[in-house]
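Visitor: Two chains, two frames, a set of hints: combine them into the complex.
As you go down the protein sequences, you meet chains A and B in turn.
Under the working numbering, the residues of the first sequence are numbered 1 to 466, in order.
Under the working numbering, the residues of the second sequence are numbered 1001 to 1062, in order.
Honestly, the hints are just simulated from the structure, not real lab data.
Treat the hints with care, as some may be off.
[Unchecked claim] Counterexamples of contact, computed for chain A against chain B with all Cβ distances above 12 angstroms:
{"#": "1", "residue": "Gly36"}
{"#": "2", "residue": "Glu68"}
{"#": "3", "residue": "Asp283"}
{"#": "4", "residue": "Ile310"}
{"#": "5", "residue": "Ala351"}
{"#": "6", "residue": "Ala463"}
[What the hints assert, rightly or not] Which bits of chain B does chain A cover? Going by a derived footprint, with three or more residues having C-beta under 8 angstroms, they are:
{"#": "7", "stretch": "1002–1013"}
{"#": "8", "stretch": "1039–1052"}
As the structure is a prediction and not an experimental result, all values here were calculated from the model.
The C-beta atom is built at its ideal place from N, Cα and C for all residues, glycine as well.
For reference, the chains in residue letters:
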Amino acid sequence: MSLDPLNGTATEIAARVNRREISARDIARLTVERIGAIDEAVNSFTDVTAARAIAEAEIVDSRVASGETLPLAGVPYAVKNLFDLEGVVTRAGSRINRENPPAAHDGVLVTRLREAGAVCLGALNMGEYAYDFTGQNAHDGNCNNPHDLSRITGGSSSGSGAALAAGLVAVTLGSDTNGSIRVPSSFCGTFGLKPTYGRLSRARTFPFTASLDHLGPLARSVEDLATVFDVLQGDDPLDPHLARRPPVMTAPELARGAEGLRIAVAGGYFRDPGFPIAQAAVDHVAKALGVAAQVEIPESARARAAAYVITNAESSALHLPRLQARAADYDPDTRDRFLAGAMVPAAWYVAAQRFRSWYRAAVDRVFEDVDVILAPATPFPALKATEKTMMVGGQEVPARPNIGIFTQPISFAGLPVASVPVWLEGERMPIGVQVIAAPWREDLALRVAAALQAVGAVKAPVALIG
Amino acid sequence: MTEFDPKAHVTHMAPVMGLTIPPEWRDGVEANVAATARMAALVLAFPLPDEVEPAAVYEAGR
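This is chain B alone, in the form it adopts within the complex (with noise of 0.2 angstroms):
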């Protein structure tokens, strides 16, 4: 996998979802979107077998 780019992903995602970011806040944006991609990947190296579920439940009729 190539290396995580947060100034590619924030130039892409964020017209994406509609959000103006001017320039003067694209440094703090990109360390944060930066800083979570490091926590992704921390999560993501876990080998996890196909059957685990997400945590989140869903109750019918609560």
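Same shape as in the complex, but just chain A (with noise of 0.2 angstroms):
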């Protein structure tokens, strides 16, 4: 492992802090530290937890001085700004919930990571109320990708892709609805877990689109989303949307590799030759696991624009008051946004939430025929800040809502994803691939995302900053 502990990985930090090699009190002060040292060039992190994170480290050390050995131990990680952290106003990436009273209690799974000794830094950078692909914020400042501070990190979990990137923490929670997890996994060049729909508890954190949103991982390895997976699943009453499924344990089965699946690239919507760097990043994926079969998941552009009329309807419907009472306190890049979604006529949102129905059955069948799906996560690498549209079949749109089009049909679909990052030769920036699986299945998309990472075909370096 590294010489510097923070650039290791959980996996590697947690047993460091178990053998007392070192202590977890000591990985949290060095912590507090470095996210001093860098991160004004990065600006990933809205609160940082000093002192929470000392108490906690202080007890995680306490309790493997007792015998216990953490999954987890010692440690840093840090959570998207709109997951509550007790004592802490949730900010959701907004001016207006900052008005909003300290947070009563940790998001479940906050708690999660805490019983499993991971040490708590603070909370993240996003995009406003999470309507983001940029990981720009009109409020908090925009995100910079630590790879190249001149470019976005991507949205909406932005802060989350960067404050791994930069090695400021190991693991960071985000939240994906259309592919706030896979895009800045993409951008950051770092590994992201987007769980299959209703997998994780939700409760205790600031919601977008309940039909559509998912919490999940990032993380500098495959064997630390695992780990951090498995201790975030779990029932939870307070969740209403929780499925009734039970766990899967990934990490054990990450060994196994990609033995015996049935992989296929994802043609058709995702083979767009317009992206030419993000089609070499899924051949780079698909030769390293000597993959050449194909497969079309059907009617994805239509799974995309389901998912945006769902979308911009349920947000704007949440956010009605504030957009009645006070628009002009939105950021400028959402407000509109917001704005045009409260006047969606119903029948268009039912026929979009129907639509899904059929393309549940339309994917379920897909996955007959094969275990995990590869396609590109975004179109291309990182954006410079100023640039503002992409190309899309040869028209120039905004980018800020399109950067999820290879994304957004994937979650539509409530599949698993493991985001994986590819450093193509001759590319500064990283890319990521999504390795999709059928739902339930984390453990197969994290299995071919360690035979990947175990090759050397993917990997999620640390930036040198400065």
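Guide: Encoded structure:
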């Protein structure tokens, strides 16, 4: 492992803390120092909970001293600022919500990380109310990509990708409604897991689009993703959306790799030749796995359109009282979209929800023939912060709502996805590939991701800053 | 069906929904309404049997 303990993976840090080679307290102290030294350039944190981190670390050290072995002993982590952290205002990337009182409790997933020995360093920057694919925020400032500070991080879990890539923490939590874990994972060169819809509790987080919201981890190794995901699972009476499914323990499965799995590349919509770097990344991953097969996920463009309509209508309905009273307090980049969504006819919304039922059945049929599907995570690597548009099918469109064209059809189906970071020869910036599995089979997506990591085809290095 | 008119839609719906949209926001809001309408048109063009129910599920007693 790295000589600097903070550059290690969560698994490596936990092993050292469990062996008492280094204390959780020292890790927490070093982490606070590093955030102070580096984050001014990256702008990934909005709230640093240094006192909490030291207090939690001391508890971890005493638990380890009493003989406990903790899966995430002393692992520094931080959460997108839509997760409740007791005593911190849950701003959800907005100006408006920071008028709320501090959260009275931790989010349920935060509690689970704490019980597993992880140490919370604070809350992370995000696109306002999660309606964002860029990582740009008018209130807290833009989050900058650690691998090139002039480029965007992707959003909306911008700080969750950037803090990891900058080596500030070993694990982050984000949310993904249409791609908000997978897009920053792609642009910042990290691993990210969007679990199956309904898999993880969303209790005590600020919602965006109830029909599509997922929470999940980002990390710098597949082992870390799996270990954290395993800790996060479990029933929760506070979340009525949580599916009643038994947990799937993924970390013990990783060593099985891709052996015996039927893997194919998503064709058609996902093979758009207008995005050559994204296609090269998929080719790179397919080659590393020896995959030549192609599979069609039917009606993906329509699925993306339906996700767009549902997101627009549902999120704006949630925000309606604020849009009526104080629309000027929204980030100008989200305000117009929310206002538009407040005027969506009900029939459009219901049609999109009905189409989702059809699409679920169609996607289920696809998985009769394959176990895992590969697709680009983003159309291109991170844009420059000044680039506001992109080309789709020969037409110039705004980037902010369209960067998720490849992630949206997948989350619309609720499928579990591990986003893996590819560094193509000759490219300065990373780009992600989605490793997609059938519903409730996070273990398969993570096994394939682990196989790719084992042969060096994907990796999440810490950026050199300054 | 007549072509969707985002300007007319915003003019009608903004007061219905209690929204105040200053002139300098109008173009941005209308562009977003038009984008959602294009997405909705794609969804609405897909023929579905009447029996297909919306995906959102309510579970009583949960």
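Visitor: Over 12 angstroms to the closest beta carbon of chain B is the bar; see if A/Ala463 clears it.
Guide: holds (34 angstroms)
Visitor: For A/Asp283, which was marked as not at the interface, is the minimum beta-carbon distance to chain B over 12 angstroms?
Guide: Since the minimum Cβ distance to chain B is about 29 angstroms, A/Asp283 lies beyond 12 angstroms and the statement holds.
Visitor: Are all beta-carbon distances from A/Glu68 to chain B longer than 12 angstroms?
Guide: Check passes; 35 angstroms lies beyond 12 angstroms.
Visitor: Say whether it holds or is violated: A/Gly36 keeps its Cβ farther than 12 angstroms from all Cβ of chain B.
Guide: holds (38 angstroms)
Visitor: Counting residues of the stretch 1039–1052 of chain B whose CB is closer than 8 angstroms to a CB in chain A, do you get three or more?
Guide: Coverage by chain A holds for the stretch 1039–1052 of chain B (8 residues, Cβ < 8 angstroms).
Visitor: With d taken as the least Cβ-Cβ distance between A/Ile310 and chain B, does d exceed 12 angstroms?
Guide: Violated, because the least Cβ-Cβ distance between A/Ile310 and chain B comes to about 9 angstroms, which does not exceed 12 angstroms.
Visitor: Under 8 angstroms between beta-carbons, do enough residues of the stretch 1002–1013 of chain B, three at least, approach chain A for the coverage claim to hold?
Guide: holds (count 3)
Visitor: Taking C-beta pairs only, is A/Ala351 more than 12 angstroms away from all of chain B?
Guide: violated (5 angstroms)
Hints 4, 5 from the earlier list are contradicted by this structure; the remaining hints agree with it.
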